[in-house]
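**Q** So the chains spell out like this:
There are 4 protein chains.
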Amino acid sequence: MLAEIKGINEECGVFGIWGHEKAAELTYYGLHSMQHRGQEGAGIVVSKDKELTGYKQLGLVNDVFKQVKFDDLNGKIALGHVRYATQGGKGLENVQPLLFQSLTSGMALAHNGNLMNATALREELEKEGSIFQTTSDTEVLAHLMKRSGEVTEATISEALNRVKGAYAYLILEDDTLYAALDPAGIRPLSIGRIGEAYVVASETCAFDQIGATFEREVLPGELIKINQDGLTSFRFAPRGKRQMCAMEYVYLSRPDSDLNYVNVHASRKRMGKELAKEAPVDADLVIGVPDSSISAAIGYAEESKLPYEMGIIKNRYVGRTFIQPSQELRELGVKMKLSPVRGIVEGKRVIMIDDSIVRGTTSRRIVIMLKDAGAKEVHVRIASPAITDPCYYGIDMSTKEELIGANNSIEEIGEIIGADSIAYLSEEGLENAIVKDKTINQGVCMACMTGLYPVAPADEKEMDISNC
Amino acid sequence: MLAEIKGINEECGVFGIWGHEKAAELTYYGLHSMQHRGQEGAGIVVSKDKELTGYKQLGLVNDVFKQVKFDDLNGKIALGHVRYATQGGKGLENVQPLLFQSLTSGMALAHNGNLMNATALREELEKEGSIFQTTSDTEVLAHLMKRSGEVTEATISEALNRVKGAYAYLILEDDTLYAALDPAGIRPLSIGRIGEAYVVASETCAFDQIGATFEREVLPGELIKINQDGLTSFRFAPRGKRQMCAMEYVYLSRPDSDLNYVNVHASRKRMGKELAKEAPVDADLVIGVPDSSISAAIGYAEESKLPYEMGIIKNRYVGRTFIQPSQELRELGVKMKLSPVRGIVEGKRVIMIDDSIVRGTTSRRIVIMLKDAGAKEVHVRIASPAITDPCYYGIDMSTKEELIGANNSIEEIGEIIGADSIAYLSEEGLENAIVKDKTINQGVCMACMTGLYPVAPADEKEMDISNC
Amino acid sequence: MLAEIKGINEECGVFGIWGHEKAAELTYYGLHSMQHRGQEGAGIVVSKDKELTGYKQLGLVNDVFKQVKFDDLNGKIALGHVRYATQGGKGLENVQPLLFQSLTSGMALAHNGNLMNATALREELEKEGSIFQTTSDTEVLAHLMKRSGEVTEATISEALNRVKGAYAYLILEDDTLYAALDPAGIRPLSIGRIGEAYVVASETCAFDQIGATFEREVLPGELIKINQDGLTSFRFAPRGKRQMCAMEYVYLSRPDSDLNYVNVHASRKRMGKELAKEAPVDADLVIGVPDSSISAAIGYAEESKLPYEMGIIKNRYVGRTFIQPSQELRELGVKMKLSPVRGIVEGKRVIMIDDSIVRGTTSRRIVIMLKDAGAKEVHVRIASPAITDPCYYGIDMSTKEELIGANNSIEEIGEIIGADSIAYLSEEGLENAIVKDKTINQGVCMACMTGLYPVAPADEKEMDISNC
Amino acid sequence: MLAEIKGINEECGVFGIWGHEKAAELTYYGLHSMQHRGQEGAGIVVSKDKELTGYKQLGLVNDVFKQVKFDDLNGKIALGHVRYATQGGKGLENVQPLLFQSLTSGMALAHNGNLMNATALREELEKEGSIFQTTSDTEVLAHLMKRSGEVTEATISEALNRVKGAYAYLILEDDTLYAALDPAGIRPLSIGRIGEAYVVASETCAFDQIGATFEREVLPGELIKINQDGLTSFRFAPRGKRQMCAMEYVYLSRPDSDLNYVNVHASRKRMGKELAKEAPVDADLVIGVPDSSISAAIGYAEESKLPYEMGIIKNRYVGRTFIQPSQELRELGVKMKLSPVRGIVEGKRVIMIDDSIVRGTTSRRIVIMLKDAGAKEVHVRIASPAITDPCYYGIDMSTKEELIGANNSIEEIGEIIGADSIAYLSEEGLENAIVKDKTINQGVCMACMTGLYPVAPADEKEMDISNC
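Chains as they are written, first to last, in the working numbering: chain B, 1 to 468; chain V, 1 to 468; chain H, 1 to 468; chain F, 1 to 468.
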């Protein structure tokens, strides 16, 4: 779904709760609010009397759990996951949480991110006799933790020190919930409270959804342990400068989430304002590509004193069962998900705000659509710098060959997509829009726009993009 | 779904196409774009070699047609319908188009509106031996047309002259498509072209969806006939002043549709601007209740020079299979469809724009939600006048007893919903926002706000609100 | 399903119950036991406080009602139907009971049989302004009854006197249940009791299924009325000699049903015994084609003192979702529903009992299958006379052109299907096997074997085979 | 389903094919024919270019594969499994084939049987760091094989020598298919050919289903390897006397299968004949409890010269979606799966043949049902000896406490179930009915009737009944 529009795909959202009577149900609602982070599969594991049971399935959260009785998933501790599957790993076996049963204990894992050295580690483990049932890099961590003995903060720390990449991990062992964030803090992971219970989630919108309150961020290199003694913090790696993924702000997260203490909608609006300052244009109105570019478009309109209008509309009822129009019908003019609003754009000079451009095909389609609907001029303004490099930290972008920003000058891009003018936000502009307070927000990972990787790949194998 | 949020429900959308190879498929996409007009059921009837066949089912358009092969619905003429079912008429038999098979011909009917004298007519027909398979008032028209003999423009006109109310009818007889609009033009109905083919639809968004171009409105009291001789216009009633339903602009239609030559989003933005002029307030920001109030909120913000912000977010994945949170969970704070954005509203004086208030329960819930999320003040501004009277023309509002606007002063309403201040748009403000050109737009039906009915009910029986 | 094997299809089963708390549920189980009579659709209508509501759908009884809450179908009176749809009438609108709602009363109809003059009657009704929503001949009777005024025993009798053919009708009007059987009693219809409640059903297996006891047969030309005054009998036509359809015994009914006081299994066993007397053959063992020929095969074995063996097995799990093997796979040897048992037939001289032959294609396939499995000889014995003529009374057989028995001598048939020898049961043999007591059983309709029609078609139009 | 009637449940069927273009489709049909061996889940793994991919799901074969495109499962080698799940192991993760992916190869396992020392082995493996994703004993073998290095005939043999119990294993490693049978040959496993391809299956009915021909049995203690060099036989254990499970003949297998060269229907018929000799009774007719007792009933009738009749009928349409009658309705007389045929049994002295009695509750229900239907006397004859002991080899019987045969004398059993007389077949009778040729059939495992276990449990833990 997202792939069609953008070519960028978030890979997974995690949710954990410790100590609530309605643990599984709250996990359902929490996952539901993070549905945008992964639409291929979902699962919940609960722990009751140290016994772990779970249910997972391919599909949207609603569909996965529509016939599940939450009474069958009782227990006060739960772990949940929504998954976006990259190619090669679409099977149900890869849907998380992964659940492992031993005669003496149960363990479940949920992961958002990407391990760069997963293949090397797996080779080593397989040589020693480990057998794998998934192609997920998450299973590697499970083996590493078990190999080093019982699962404790020590063995988890040891295992985490062997993996490299970007990750937010939730681990449920018997009745203890662990949460860990990579040393550069690239992926988001926040802690909240609901009554006496603890909640951990990829995005704070999950807290708002269930009525929980935000407590604090998990810190880079921190391992959190939650059990009957409350929450304890361990450090498995020196605390590095936090470099949260910029694309989480630009495109991936929900506008109502706060990531590392910064509201996503507000940061997007600032991106739009910065863009209006950096790249003004004489035009009649400002429109945004729904949904992710609306905030930036409003910001651009406010700053430029131009009216913000609803020039493109998104069909809310396009879902799994929508019959995609055939090529023939599309050529006849049948629209997919987005439609232009002729009554708004006809005869007008339009500034079209988009959050980013990946391959350029969608942007081109939208520009043509607007011109077909009578727009006199279409000025494209992108609320982030050009994407020029691949991501090794869990975002499924296109390969470098396909990235329009990696292979063309800005002028060429404008020509390719048919814009009357085009401009991108600068790197400084993006960073300023995100970072409110240097002591807290420190920095952002903009590797896909700058090629500067917080965690550099050591060799070709580590550049191989695997899945969450 | 809509009912939960608002208590107002559009009743049905119609779509017809004559002379296109892909008639059924285009009807599918056309209905899809009008899904918001009716979510209880959908159907398509096609005519091939004068033989009519169809498929209909309860559910959303996507679900209804997900396993239908359009090759089984071939024919160049098609009729479609999306239905909102009021109580008492939820059965599949009431889903439209209604299809009647005689030994010599086939006839199908699709209807948006409400016949006020349906019960009286039905009594008469039943006495004469007519038997009915539905509880829909649409079946009454079928009997009337057949009773007067063969179905022609004459018999249709005769039948239409016996019914009273608001209606947009599409009738497919063998290979002729008829379209008729009530003498006051209360319901919307537009004509478009796609290549050589004709299209008729409740909203123009259906034309944009399939790449058709708008041609003109069907006029009040006009009967359109489309067959191999092209389009012919008949008049079955004197052309009255057009009084299109104001609620279509305020709430019901899609923002990208043009109704009677006026774009809906633009009219909503004007409502917001008028409201800002009429009822300004000193505050920090403006927010709208998604989705229908966003345009008015942007208009208000533009006029008042206050920032427009995304202070409430709507969960896009709430659908049929969503498990509604139990009362217990809602009390714990689990949200349904709308969530406040704490990062935006916390500590702020908020102007909350809503398009209308029916019973007030939803407004009250949203105000509380915003205050819980930290809003310092919540000033409610409604982009239309108070709803005080029932609708007899096909909009399913609550009864007079339940209408908060019928039973309370504005101040009382503000208190009930917990707003720090409240104001409604004036009747003149609304009319000005809709009517661009008096020669074209003439007037609007605001009966539910003024009690002035363009087609007055003759007795109690005609006030009985039936379904489309 | 049946069609594949045989080419004969029963058309519909009816079930009614008056005066039981669990009316809808018992109807469900009753219909379930008559599933073999119609697998295309099913429906139940209940009456409560004279208000009729119902549910029907395409599919098997189980699937139709799997998500229906019987609490939503409460009422002490219920009417049910299982339907086999012939070509041209597969739509949901044709699934029964047909339900008609007038302002003053509700009426539902369920029908098993065929009206020969339905087209002529419909022409007349349509001329008078009646409009039809189905292509079912059942709707004709509804119009006839309503035309003659209120629905009473008088108007029903009058309507029945206008229709011609074979029929078992159940009619539910407000809170009265009527049952009517055609003057020749061609179709089966029995009355039972469960506690104080009355039950009427096409087959007595429905009584056994729900724990009801058989009371008596509905008589030819009889109209039964059941309401708060109990059961009253009327006669709408002179009582003719009962001529129950022979194919009900031979093939269509369940072996545990008693039709007109004769058990079906027992009659089939007698057919087998008669056949053994008429057409003995020197062989090693006797096998039957499952399921309907098993009883006759056992009878043949008993009479001939040859062992009865399970030489052909039927796969019990072949259902709606079974993926039919492609032509390519069938040629490779993949079996459909029936498989030969090599361990039984290899090297043996086999007598294969079948109940009837329609087109001969299935018989031929089975003979080849047995020979491929090593049978040395295959002697085909058919437990009924050759089918030579079409049925106008509601059994969907092939047309005369396709009937192998209408176009070939017995020897030719044997050659076509590859049998080493072949013989049919004589007409007398069949009649003797069915008729136990002349005063009760009187006669059987063997029109499809003899061309002697109890109700003769008047013209070509009446020979047109319509559906139940 | 079966559980309701009997309380005995087969645990799983396996199917493998090597070297056929349509490998996955033929596996589907093969599994379909063995559906009776396991109805809880099914799966297929295919190998193409040494890459293994698969699909599995809970449910019947038809339902599991109804939306699978076999084109997505292409490859000339396939492995399939149908599963019956005992309590505690109902999750999808336990559905087989289990699939393991390493960086260098893929391996899949399918298993029918039970490992008695699975828990002990698992404890050992977990101590060494193995992690398990299922609770199935099959996963233990996978770890054992992988631990000993690469998967070859040597490592498989080594692993098989560590497990104890009854098993038929199919192992697919890259492009090699292995088949192994336990040293006592308790579970069935046969080899067939279809064209050039090899097939291995639990029952020969799978060969007939797909048009394959039986080649030979896998021998006790034999390991078969099939790859591009053809079929090679290895011996991993000395060849013991084959002691095939008697219950496979009595109840579990399909009548058309040949197990160890003996046809199941024929053996059952001999059981009936032996029983007639051992326990004759003066009566009017013989009936069998469908489906598994029909063959024995026919044998009893033949031997006793009494008529065989269809006195109990089984509803063929009872399936997953059947709504089970409530206790209240059952007490009213609503039948479940089996109905008595009043027309047959009324006033008669009936010999009722059943294949076995487990808890006695079903037998009791049937006897009552027959008496309610008017049977004058019901003489129960069981075509196997009383079940007195649990099975450790993969048949899910009740515990010893629940076995009526373990806790009551034959007379007591007769009284409990309400029979007028009762008799069981003797052990010798059963053995004689099965064993045709001592050199081939050698012996049968009758441990559940005699307590004499071919592979004796060493301790309490090994008596713990786990699942296949």
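For the record, the hints were derived by calculation from the structure and aren't laboratory data.
Some clues are possibly wrong.
Heads up, the list lumps identical chains together, so a pair's fine if it works in one copy or across two of them.
To be verified - DSS-like, lysine-lysine: derived pairs with alpha carbons at most 30 Å apart: (1) K50 - K376; (2) K146 - K48; (3) K314 - K50; (4) K277 - K50; (5) K436 - K69; (6) K314 - K76; (7) K376 - K76; (8) K50 - K461; (9) K461 - K277; (10) K225 - K76; (11) K400 - K225; (12) K48 - K127; (13) K127 - K400; (14) K69 - K314; (15) K461 - K48; (16) K277 - K66; (17) K69 - K461; (18) K348 - K376; (19) K438 - K461; (20) K371 - K127; (21) K461 - K348; (22) K371 - K436; (23) K48 - K371; (24) K314 - K225.
**Q** Tell me, in ascending order, the numbers of any earlier hints that this structure violates.
**A** Hint check: 1, 3, 4, 5, 7, 9, 11, 13, 16, 17, 19, 20, 21, 23, 24 fail, others pass.
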